[in-house]
Every structure is written in structure tokens, then in C-alpha cells.
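A.B. asks: Each of the two chains sits in its own frame; use the hints to bring them together as a complex.
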Amino acid sequence: MIKIRVLSLALIPTLVAVGSVLAQDSRLAARVDAETQRGVEALAASARAQQLPTEPLFDKALEGASKGAPGDQIVQAVARLLDDLAAAREMLGEDATDSELLAGAGAVRAGAAPGYITALAEVRSSSSVMVPLAVLTDLIALGVPPDTAAAAVATLAQSGATDAELEDLLRKVGSDIQAGYPPVQAASIRSGVPTSVPPPAPPVLIELASPVRDP
Amino acid sequence: MVFTVNDRSNLIDDVAHELRRPVRIDPALDVRVMESVSRELRPGLAATLLRWLATPKPVRLSPAVTAAVAASIALAIWMLPAGISRPAGEVASSAASGFRLVEFSLKVPEASVVTVVGDFNDWDSAATPLEPSSAGDIWVVTVPLDPGRYQYTFLVDGAQWVADPGAPRALQSDFGWPSSVITVPEI
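For the protein sequence lines, the chains are C and B, in the order given. Here the working numbering is used: the first residue of the first sequence is 1, the next is one more, and so on. Here the working numbering is used: the first residue of the second sequence is 216, the next is one more, and so on.
To be clear, the hints were calculated from the coordinates, so they are not data collected in a lab. Take these hints with a grain of salt, some might be off.
[Said to hold, decoys possible] Stretch-level coverage of chain C by chain B, calculated; a stretch enters the list once three of its residues show a Cβ under 8 Å from a Cβ in chain B: (1) 32-42; (2) 52-66; (3) 124-131.
Beta carbons: idealized from backbone N, C-alpha and C, even for Gly.
Pulled out of the complex, with its shape left as it was, chain B reads as follows (with noise of 0.2 Å):
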């Protein structure tokens, strides 16, 4: 058979077209592959991980190896917040956690920075800021605190201290400058 140019180009129209027409699929096709694939992998894939979790695995280890091991958990341990880094008074309570909410509040117009420093902060003196309030001659802060005995005090401006006027003194005044003292009894 003898192809003209315009017989060529006819066949290669003709097989173009043939190639362009879109392939008709099932369209329930790629959800029989994939439930047939599912069930070829699933099971195989569970039972190896069952198997692996299983089965026992001997484990070598050094002393030291076990040592720093255990070193690292008691580090994250004890970095854990002890708590949300206490008159005072209560504002709510988590009978599950056990402790209590605590409103520490004082009235000085004039301060530039309010801190309360106590027993339940390590005596940090810029642990536990005061807001004030929005007329701004109230100072406010409230601190979860565990059932106890706590003494504190009130840092005006970062050099005058100042005990809280409407909680009971602490008696001990060692170091010269008055403290005040707050009981949260147990839930």
C-alpha cells in the first residue's frame, strides 16, 4: 500500500483522535483496588506490629547508661512547675488538685510596681507581680496555693515593704520589715 502525504496525515489525525478520546473506566474501579489493596496490607501490617510489640526484646544496658536514664526522668521530674507560681482572700478552690485560689490585693495609688513576696514563692521578689486595677489605686493578683501556712509581704516600688493591712501579722518579724501571714486550710 502506497501512503500519499494526505493519506499520512489523515492516519495521524485519525490516531490522535484515537488517543485524545478519553478511556472509559468503571468508576467503581479505584474502590475495588483499594479495598484489594487494604486487605493485602492491613493484616500484615497489624500482625507485624503486634508480633514486634510482643515479643521480648533483651535489652543491654551500662549502670551508667541506666543511671543517667533514670537521671533524666527525675531532671524532667523536678523542672515540672511546682505549681502557677497567697488579705488575701479565697476565690475559688479544685478539691481535685487540692488547691485554692487566692486574691492578694493592696490599695496604694501612688505605686509605680507592686510585688507580693512570700513563703510560696521562695521569697522572689519579682516572682509575683500586682495588676492594678482599672481605677489603678488597687493592686491585684490571685495565686493558686496549696493547703498551709504562709507568710508574705507586699514590695511597693521594689523598696518599701509592706504588710498586707487586713491580714494577721506574722509574729516573727527576724528580719525587721513586718509580714503577714495567711492559713489556706484544706478542702
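This is chain C alone, in the form it adopts within the complex (with noise of 0.2 Å):
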């Protein structure tokens, strides 16, 4: 005899597992072709075997196929976004949310140095870093240089500024952009940061481990 509930308790978890992995399956199976879809199922396994998260190389695959692309620039694209979040894991450590290293693999992506992305996350160490690292990533986009966006953030974050607080200044130096500011002067001028000075130093100098991938 068979304790039903014991048994069917611990084989949910599994089932369930295995169910999102069949679902990711098949929304990649309807959209792309059979090699593609090896290409991503391969990349999404590494993320796996590194504690990643896979959704986000799912979307990255999806919206590839959605906009027409190759499958060879689809398997990139994707393999690029798994190199990003290993480094992003790399920089914010084991305890990183999947959003917190979803927004630090787009900071690596935007060019945001490696020891201030470790350091944002040293500041924010009681807190969610995931809003400073995207107001990082959207300064950069805006045309803020890098050093600038981050001195920036840094600056705000260690003076204890909120989410909605470092929002704010994103809003406000894309206003003084479209405004006709320079995005380095809109960007000191609204967080009082001159552009002389550096950002904050970081804790740590990382060496980023090369990220695994299966064969």
C-alpha cells in the first residue's frame, strides 16, 4: 500500500518542474526552428547547471522569433544574455534575485564597469538593487557616460535615496535631454554630482570567471 498523499506531495514539485520545462518546449517549438530551438534548450540547460535563471533566455529567443530574426543570431543573442547574467552573478553574488541579475546583466550589457555594479550592491545590501541597476542601465542609454551614470546612482544610493527617488532622477535628466541639455551635464546637475568627480571607488576589484556552457 502506497501512502497516497506522501507520494503525491513529493511527486508534485517534480511534475511541475517537469511540466515548465515541456511548456518552455513547446512555446519555443511553435516559434523557431529545431536547430534553434536545441541551440536555446542547450544555453537555458548551462543557465540551469549555473543557478541562472532561464526565463529571461527564453524571452530573449522568443522576441527573436517574433521579430524575424535567423536562428544562428537568435542561439547569439541568447548566448550573449547568458554571459551577461553569469557576470552579473559574478558581481551581486550568490543571493541575487533573478531580477536583480536580470537588471545587472543589462548594466554589464550597457557598459557599467563591473566594480560599481559590486558596489551599487554593497549599498544596497538591505534592499532590492534591482531599480538602481536598471536607473544605471536607462542613464547609459539616455547618452549619460557610463562613469557619470554610475558616479550618479552610487552617489544617491549611499544617501540613502529610494526606488521612486532614483526613478525621479531618471525622469528628470530624460527630460533635460529632450530639453537640450548634454546628458553628462543633465545628469550631474540633477543628482549634484559633478562630472570631475569620479564615482565612488568599489570594494573589490572581480575577476569575471568565464561562464559554463555544455558542450
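C.D. replies: In C-alpha cells, the structure reads:
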């Protein structure tokens, strides 16, 4: 006789996980060719092995499929994102959430220096660093030089700025740029950080490990 | 005794008259009967049900059947909607469920169909259509989003990819078409 309750409860998480994987397969299968699907799933398997989030990888593949990109371009884009996520993990630490890792990957791709990403995480050790990293990335996207953007965000974060205040900085800098101000000047004025002042020194220098990939 | 026709007729009339007379019953009879029935049945049913529920029942299931039951439950959980299928601006939030309602809008007076496509809807170009405003020039949709960072873009008339003019651009333009990005902070 089998104790149905115990066995069922033990099986449910496993089956849900299997179901989730199958769901991802079906999403890709309907949108990309078999070879592309295999490539993306191999990268996702590598991400799982590194305990990195896989959903952003599938999102990237689905974006490529939706925009009509060729398969090899999709796999390359997913591989780049995996590299960025792995780099973000190194910078943010093992406790970083999936959202923080994705925001960190964006900051890495935008060109923010690893030491400053780590410094932001240190400053925000008791709350999520997702918004500071997102604001940093978006400032760079607006044309603010990475070092100036990092100095602006890090200075405000160190002074205890909330997520809302950091988002407000982004909005104001964006408005100033639209009004014709040079990005670097807008960021400096709004954050109160002179352009000549370098961002806070990172607490540690980190060497990025090569991400592990399945063969 | 000899009955004549008239006598029989009278007798029948008398009997019929007697039968047609309403029978007088105590008005409280129904109540008393139902109370009595209820007293008779209620304890028995409840006791039986309780006994059945409280008594351990041996269940014999093969591992295959057990796995099938578990798989059914897992499938049901998996099939639950992941959320109603994100410048985008926040219009409301729910601390209880963690999501925020985000409004996406695009001014395209000449468009026939506008959808928003992004990380939050598997980049499905048909999943999240926008509705034209009453003036017809601004297209709007409100989407509940969990905290996180999402890339998205608008698709106009099924062919033209348009980045949100009011939101930051995504730097990673991996596929040639521009995307925007929205950050939904935690509540």
C-alpha cells in the first residue's frame, strides 16, 4: 500500500518542474526551427547548471522569433545574455534575485564597470538593487557616460535614496536631455555630482569567471 | 330493509356529501410531524457521515495511478493562468498579489491595429491588443505586471515595430528592431 498523500506531494514539485520545462519547449517549438530550439535549450541547460534564471533566455529567443530574426542570430543573442547573466552573478553574489540578475545583465551590457555594479549591491545590501541597476542602465541608454551615470546613481544610493527617488532622477535627466541639455550635464546637475568627480571606488576588484556551457 | 331508487339516490348523495366535506386537521400537525421526522433522521445522518469521515480507509493505488493523479494536479497548476496576460505608466498596484497595473499607450492616429509585444507576453504579437481612445488617435492598454524589468515594443498594423517614445530604449538591439524597457519596482 502506498501512502498516496506523501507520494503525491513528493511528486508534484518534480512534475510541475517537468511541466514547466515542457511548456518552454512547446513555446519555442511553435516559433523557431528545431536547430535553433536545440541551441537555445542547450544554453538554458547551461544556465540551470549555473543556477541562473532561464526565463530571460527564452524571452530573448521568443523576441528574436517574433521579430523574424534568423536562427543563428537568435542563438547568439541568447548566448550573449547568458554571458551577461553569469557576469552579473559574479558581481552581485549568490543571493541575487532573478530580477536583480537581469537588471545587472543589462548594466553589464550597457558598459557599466563591474566594480561599480558590485558597489551598488553593497550599498543596497538590505534591499533590492534592481531599480538602481535599471536606472544606471537607462541613464547610459539616454547617452550619459557610464562613469557619470554610475557616480550619479551610487551617490544617491549611498545617501539613502529610495527607488522612487532614483526613478525620479531618471525622469528628470530624460526631460533635460529632451530639452536640449547634454546628457552628462543633465545627469550631473540632477544628481548633484560634479562631472569631474569620479564615482565611488568599488570595494573589491572582481575577475569575471568564464561561464560554463554545455558542449 | 328495502331501498327504493329514491332511497339509494339519497344515500349516494349523502355519502358523496359526507366525502366532499373537508377533513378538519389540527393546523399544527404538519409542524409536529416534520419535527418528529427531523428528530428521527438528523442524528443518524450526521453520526453516519461523521463516522464515515473519521474512519481510516485503506487506499490501494499502483504507483502508475498515483503518478497519474499527481500529474493531473501538476497539470492543473501549470494550466492556471500565469497572470492576466507593461511609457508605460503605473495606474494601480496590489500589495496583496504583488503586481502593478501598467498602462501602455501610443499615439498613432492612422493605425488600424496596435499591439504591445514583450517579455511579459512571450512576444506574442496577438496577445495584448491596444484599444483606441474615444478620439481614436491614442491607443491604450493596461497590463498587470509583477516586479521586474521587461523589454517590449509596439507592433502597428502587424508590420511596423515602434519603440515606446516615452520610455527608455533597450540598449540590446539584438534583432535590428528597437525595443523599450520598463522597470516595475517592488511594492
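A.B. asks: So, for every hint listed, does it hold in this structure?
C.D. replies: We went through each hint and held it up to the structure:
Counting residues of the region 32-42 of chain C whose C-beta sits closer than 8 Å to any C-beta of chain B gives 0, which falls short of three, so the coverage hint is violated. For a cut-off of 8 Å, the count of residues in the region 52-66 of chain C with a CB near a CB of chain B stands at 8, and the three-residue condition holds. Note: the region 124-131 of chain C has 3 residues with beta-carbon separation from chain B under 8 Å; the three-residue rule is met and the coverage holds.
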